[in-house]
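Participant: Got chain B sorted already, so can you dock chain C onto it with the hints?
Protein chains: 2
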Amino acid sequence: MASGKELCEGVEWRIRVVDGSSEVLVPPTGLARKVWLRTKGLISGLGMKVRMFLKQAWDMGANDPRKVIHCIKVGLALTIVSLVYFMRPLYDGVGGNAMWAIMTVVVVFEPTVGATLYKCLNRVCATCLAGFLAVGVHWIASQSGDRFEPFVVGASIFILASIATFSRFIPSVKSMFDYGAMIFILTFSIVAISGYRVDKLFDLAHQRISTIIIGTSLCILVIMLVCPIWSGQELHSLTVRNMDKLSDSLDGCVRLCFTNSNGEDDQKLQGYKCVLSSKASEESMANFARWEPSHGRFNFRHPWKQYLKIGASMRSCAYCIEALNSCINSENQAAESIKKHLSTSCLKVSSSSSSAIKELAESVKKMNKSPTIDLLVEEMNSALEELHNDLKSLSHLLNPSTTAENQISATGLVPFMEIIPVVTLASILIEISVRIEALVGSVEELVKESEMKDKIVAKEEKPEGTMKALQRV
Amino acid sequence: MASGKELCEGVEWRIRVVDGSSEVLVPPTGLARKVWLRTKGLISGLGMKVRMFLKQAWDMGANDPRKVIHCIKVGLALTIVSLVYFMRPLYDGVGGNAMWAIMTVVVVFEPTVGATLYKCLNRVCATCLAGFLAVGVHWIASQSGDRFEPFVVGASIFILASIATFSRFIPSVKSMFDYGAMIFILTFSIVAISGYRVDKLFDLAHQRISTIIIGTSLCILVIMLVCPIWSGQELHSLTVRNMDKLSDSLDGCVRLCFTNSNGEDDQKLQGYKCVLSSKASEESMANFARWEPSHGRFNFRHPWKQYLKIGASMRSCAYCIEALNSCINSENQAAESIKKHLSTSCLKVSSSSSSAIKELAESVKKMNKSPTIDLLVEEMNSALEELHNDLKSLSHLLNPSTTAENQISATGLVPFMEIIPVVTLASILIEISVRIEALVGSVEELVKESEMKDKIVAKEEKPEGTMKALQRV
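So the sequence lines, in the order shown, correspond to chains B and C.
So in the numbering used here, the last spot in the first sequence is 1450, and the numbers never skip.
So in the numbering used here, the last spot in the second sequence is 1450, and the numbers never skip.
So that you can see chain B by itself, here it is in the shape it has in the complex:
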């Protein structure tokens, strides 16, 4: 016991030794050993962390090989652009500014085609605009004499940078030209300032623009030719996947409540949480998808915004499933006889609603109006009707007395409090089916709009299209 205590307090003693306020109780070899042990512990802990980190990274790569492909694409594009530096003729053309091409590739290369196109177009347009403007400002500054030149340049930078920064806060500008505004400030400042030192101002502007065009073209080629990932396609798949998840968790939650089966997959039940949390990614994908040319079954100007509406409808269903879930957690106090009474109709409503959502997912996937959706909605409504009737007849099972809870077994009647959880569940189910009808509406609108866009694209090749536009004047 005593030696154990000594061991425990050893460290504290040593600290006092350092202070010089106490005697040496532990031999110096002990100190060295402890330092060694501590270092070993630190290293092994660090090694563990590194191993965990590498495992996490490996799993991520194995789960989504497209991420690995993206990394290889970035490496490829950068190595190709380095050729600009290595090959003499190209180098002579764009001079030391070839570095701008490298910078463009690093900054502009994004995982999806839409995001890359957005950045490329913004970068090129903003660079051109800012370059011309800066040359103009420089001309004005040079006319105003040597003394005022710095002031004119400085004031123009201050004003234009402030305005461009402010424009980035405006939602419509932010969604389309946020990156462009930043590049505008950057190019304008650099070209306007360089004008004061570098005499070959036009050369600088020209070189910067041409290197940026080299960089962006290379990015666009690589991103579109090597295993392209389209924002639009991603948004489309995400919507379909989320619908499937919604359908699974709705069905699973109600089944769990009435059958008490523990066989339900917990991950399946929690699927609606993905729907709740995918708003931000849906918005950014829809934003980038607008920049993409037609790919696969999607035309340029496919109604991407409609996907956001579908997403909002799905989320409104998911909120209700969240509320439903809380019912399930509190439903242990519900009477078995009531549960039995409502179970058939509730299960019917949930299974018909979830198969309606599944059918909607199929409809979005194939991008045509499902022939069976009307039938399924009708089925859902007749199941709802049945649930209504069952709810109405529930009052027969009810014990009108509030205090006679010990009479239950004798009469088979249930106190009012015990029906509340099940009634709440049923009424949330009814609300969910109302929201599913709204979802049906937004999916149908998407299908209709996409068919309309297809027709417009087909028509635009004929002269009538332009003529009609002129007639509208």
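Treat the hints as calculated values from the structure; they're not laboratory data.
Heads up, a few of these hints could be off.
Not everything, but these chain B residues come out facing chain C in the computed CB check (under 8 Å) [what the hints assert, rightly or not]:
id, residue
1, N1040
2, K1044
3, I1049
4, G1052
5, V1129
6, G1131
7, M1159
8, S1166
9, I1170
10, I1190
11, C1297
12, L1368
13, I1397
14, V1400
15, T1401
16, S1404
Glycine included, C-beta positions come from ideal geometry on N, C-alpha and C.
Facilitator: This is chain C only, laid out in the frame that chain B set:
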């Protein structure tokens, strides 16, 4: 009629004229006039749009003057950094690379202190690391002979760019070093490639690092000295504001349902939607707040993550309010007598819960445990008890017959279906109060953790802190 038709088809005729396939039916003055009218229409339409856009921008600036201040700060920082170019001594020091300082300011300057610090630190560290690594790679490449040099450099760029890009997908790296990884690729590529052409490699790396340090220091000075906006403070205010909104809309919704008053402010009722949609901004603010030094009442390492937990608790309440809202929209079918029966206790529950949330907001605001919160929760629980009793006694009002709906007026009893909406509302209210208790728990945890951090900060100035840390070995 005939002339009207001619007028309508005039445009079409003109197009055929252009084709040369038809006679001139409309006099040339008409053509000119129409072109003029059309141009005028276009210009006035464009003018209208520009005016609308400017009005939108003006309103935004007027509503949040801090955005305008941010823009002026960006202009200021850029103008100051231009001095680097204008002043001869500084210019001689860092050479033509002074442009890097400008670029740093443009790219790094963000509206909040946290975001700017995050970018600054990432930029400086990544540039240093990449610079040293690139010099090392260049030395190895130069040892391998002229023939292999491009291959060594190219391969190193390919491998490092791929790895760094991959690391940006890993969540823990993404939240802390996303920007740093990009800057690492950028600097490494430029310095490694330049090594092939520019002989003064060390000079390049040194100049780039020193200009970036000039740029970042300037940014940090301007962002922290001129009307600083702290991410942490913003997150704190957002949380308090959202709690107030949640409280208002909970109280408003229930009041609207039972009193049928149209005097409720619709904007107040919809406040919970802000809570639903603020997840992304909360996360980014908490992420940036970690980088901020102590400011106001917040220490460095204030428990920012706890705000995310509070946000999640608030959202779980908001989901229920969403479900509650749908009850209100369908409650027109609820019987008046039932509503009257439950209205007192429901209103009591909602007002006590909403004042509990208000008190929590106050507690977060002042960052100390509220003395009255326990009392308010108790009050809420006693109101819940009352609601339970009212629900129990509801069965007296119930008409056990499902078909005798015409008997209502005679007996004063209500058919079962008409109580469902109110019962659902009551049971959602009960669920909301359960979730408010969870919210109370997370707010208390925040207050406790923040007090603990305060103590640790106070203690760290004394030697006991380090001694305890050593004792734990």
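Participant: Run every hint past the structure and note whether it holds.
Facilitator: Structure-based check of all given hints:
Contact between N1040(B) and chain C, as hinted, is not supported at the beta carbon level, the nearest pair being about 11 Å apart and thus beyond 8 Å. Look at K1044(B): its Cβ gets to within about 5 Å of chain C, closer than 8 Å, so that hint holds up. The interface hint given for I1049(B) holds, since its Cβ lies 6 Å from the closest Cβ of chain C, which is under the 8 Å cut-off. With its C-beta approaching chain C no nearer than about 4 Å, G1052(B) sits inside the 8 Å limit, and its interface hint holds.
About 12 Å separates the beta-carbon of V1129(B) from the nearest beta-carbon of chain C, more than 8 Å, and the hint is not met. Because the closest C-beta pair between G1131(B) and chain C is about 5 Å apart, less than 8 Å, the hint holds. Annotation: interface hint on M1159(B) holds; nearest CB of chain C at approximately 7 Å, less than 8 Å. The beta carbon of S1166(B) is positioned within 8 Å of a beta carbon in chain C (closest approach about 5 Å), and the interface hint is therefore held.
The restraint placing I1170(B) at the interface with chain C holds, with a minimum CB-CB distance near 5 Å, inside the 8 Å limit. At a threshold of 8 Å, the smallest CB-CB gap from I1190(B) to chain C is about 19 Å, leaving the interface hint violated. Taking 8 Å as the C-beta contact cut-off toward chain C, the hint placing C1297(B) at the interface holds, the least distance being around 6 Å. At its closest, the beta carbon of L1368(B) sits 6 Å from a beta carbon of chain C; the interface hint therefore holds under the 8 Å criterion.
The interface hint given for I1397(B) holds, since its Cβ lies 5 Å from the closest Cβ of chain C, which is under the 8 Å cut-off. For the restraint placing V1400(B) at the interface with chain C, the shortest Cβ-Cβ distance is roughly 6 Å, inside the 8 Å limit, so the hint holds. For the restraint placing T1401(B) at the interface with chain C, the shortest Cβ-Cβ distance is roughly 4 Å, inside the 8 Å limit, so the hint holds. Contact between S1404(B) and chain C, as hinted, is supported at the beta carbon level, the nearest pair being about 4 Å apart and thus within 8 Å.
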